[in-house]
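Order-wise, the sequence lines are chains A and B. Just so you know, we're using this note's numbering here: the first sequence kicks off at 4 and counts up by one. Just so you know, we're using this note's numbering here: the second sequence kicks off at 4 and counts up by one.
It is worth saying that the hints were derived from the structure and are not from the lab. Among the hints, a few may not be true.
Any copy, or any two copies together, can satisfy a pair, since identical chains are not distinguished.
DMTMM-like mimics (lysine to aspartate or glutamate), calculated; alpha carbons at most 20 Å apart, straight line [said to hold, decoys possible]:
no. : residue 1 : residue 2
1   : K185      : E146
2   : K282      : E30
3   : K111      : D195
4   : K185      : E272
5   : K281      : E146
6   : K185      : D149
7   : K282      : D24
Number of protein chains: 2
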Amino acid sequence: MSETSINHDEVDIVIGALQLDLTSFMEEWRPVFSQFHLIIVQDPDLKGKLEIPAGFNFDLYTKSDIDGVLGSSSNAISFSGYSCRYFGYLMSQKKYIIAIDDDCIPAKDSTGNFVDAVAQHMTNLSTPATPFFFNTLYDPFCEGADFVRGYPFSLRSGVDCGLSCGLWLNLADLDAPTQALKPELRNNRYVDTVLTVPARTMMPVSGINIGFNRELVGPALLPAFRLAKEGNLRWETVEDIWTGMCVKVVCDHLRLGVKSGLPYVWRKERGNAIESLKKEWEGVKLMEDVVPFFQSLRLSTSAATAEDCVSEIAAAVKVQLAPANPIFARAAENMVELVKLWKRARTQ
Amino acid sequence: MSETSINHDEVDIVIGALQLDLTSFMEEWRPVFSQFHLIIVQDPDLKGKLEIPAGFNFDLYTKSDIDGVLGSSSNAISFSGYSCRYFGYLMSQKKYIIAIDDDCIPAKDSTGNFVDAVAQHMTNLSTPATPFFFNTLYDPFCEGADFVRGYPFSLRSGVDCGLSCGLWLNLADLDAPTQALKPELRNNRYVDTVLTVPARTMMPVSGINIGFNRELVGPALLPAFRLAKEGNLRWETVEDIWTGMCVKVVCDHLRLGVKSGLPYVWRKERGNAIESLKKEWEGVKLMEDVVPFFQSLRLSTSAATAEDCVSEIAAAVKVQLAPANPIFARAAENMVELVKLWKRARTQ
């Protein structure tokens, strides 16, 4: 599938463990994961000892590691639930990070072959992105593709790719009301492409299956936003949607690209959407304010790094969103705190 | 494929005839084309009588019809070559227009079934578009798809779709230098999706295989832009790239959508890319000015119809682009003249 030559020493695969027994998950991915260094972060709310099969090269982080790093940092910062993966992002020293939810196994492509999600993310991240003009034949750097007639030659060299967002077969990444309304709905459409999401276009990034260039955008991928009653099911969370919009704004500002599409993973069933309907749809409601905010946000020319950008975003959140809802005030504070943690982790 | 119920009386299929013998082309499309009213426009530079097989319901327009309508209009307006199709757009009284180049035949989808391109364009045009936020699972109105987690509910009703841009298998729509550089390159990747091109994102629209809502965006799809040495091969033309950017600006301003993706058509070989390299790459060079112009163009709030918008675009072309190159001055004049022709054709 991919012809990218991967330097394995540049990649960390980060796994947030929300279940104790990772055996079947790890075995499904063994041909891929066994080639790389893994960072496994145990959900600090998950009691017990993880079961991890032999034959993998990994560092494991647990509650005590997290508490040690957090130290006296804001109590509002939480690495529990799906947010535990972000602790792995913070600890990594590699150029690239690939993260895949522990309820996902390799998907099959349209010819029935298993998809090497890591190789595809690395292809996406190591070939240029083209955010300033849309190529109708999608990613021109995919094998067999090119720029179509009318595409300005001056834009064909593209820019570095900061984030690669993969997709999901079987259980799509729907919100609780949609999943509850259409309990039978499964995504079985294999769309064989990658595209650059155009500059200034916002999108709902899912954290289920992503890769990113940690050196370029790492500080934006930290768990600043947490719902009051966040659960341990994907449809009950929006932390990744928030960080995704932060990354997109950062990439747009720094002239980096965000790609979406391949690779797919196969998502297994987890949870009961009807049950989750009993909770408040806090995340769903908040999007009505979050999306227009990020769509209109413009950073100053003095913001030259992802760290600078996140600090500016935090300041804007505080001014524009926080007065309406304390959840945004906390997010702004957390962003400031997390950038400090990020810097500290880099200098140790 | 499509479950859209099509009102056949609302659709004109427009065919620009660049070759005298349309027999094999029409026969390939018979199951589809025979259901609709066709408008066939003979390239006014093409001498002789068209061969059109029996069993189709069509109006044929030739050089004398074109000359009659043009009358004393600007001599600069030309409906020759690929531009002949636009005369059909001008003459149509239907709500929707589908246009397919006469060197294209039905494509097969990934399961080997013939693609009904007209049905897919009608699905694209009659379901909402979502230009204000990108849905990572592509067109949420495709069968089996939906909005993903994080997509604001307030944006889920979408907006009307103005333009549907289909794609090409086999011979991709490349420019002459790319085709000459990679003579063996063929597009064989069937990407099974449709997406809304986000608002404020420009794209190179190809006129090879499109559908549009004539009532909403018709005045923008007229042949205002013509290269000095335009040939009769697709890679030698950019008239559709120009009109495509006009339509996109119009749609963005009027809060309409532009979709891209399915349906595919199969493009047969025509012409010699190496030969075309001997010509000037005028179109390729002009894109360097055309794209930034359209990207930064913003229309006034008083522009309430596509006609208003095109008139404003013409004025901006005259001020911003024309001083650098007389080809733009002519384009601006043509746009003004074509809007007059459009209005006249509507009132007759």
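Tell me, please, which holds for K185 and D149 at an alpha-carbon limit of 20 Å: within, between, both or neither?
between (38 Å within a copy, 10 Å between copies)
Measure nothing new, just compare the shortest in-copy and cross-copy C-alpha distances for K185 and E272 to 20 Å and report within, between, both or neither.
within (14 Å within a copy, 45 Å between copies)
Which holds for K281 with E146 at a C-alpha limit of 20 Å: within a copy, between copies, both or neither?
neither (47 Å within a copy, 28 Å between copies)
One pair to classify: K185 and E146, alpha carbons no more than 20 Å apart. Within, between, both, or neither?
between (36 Å within a copy, 13 Å between copies)
Status of D24 relative to K282 across identical chains (alpha carbons, at most 20 Å):
neither (27 Å within a copy, 66 Å between copies)
As a check of your reading, is K282 near E30 (CA-CA no more than 20 Å) within one copy, between copies, both or neither?
Answer is neither; intra-copy 34 Å and inter-copy 58 Å both fail.
Status of D195 relative to K111 across identical chains (alpha carbons, at most 20 Å):
Classified as both: same-chain Cα gap 11 Å, cross-chain 16 Å, threshold 20 Å.
Consistency note: the structure conflicts with the earlier hints numbered 2, 5 and 7.
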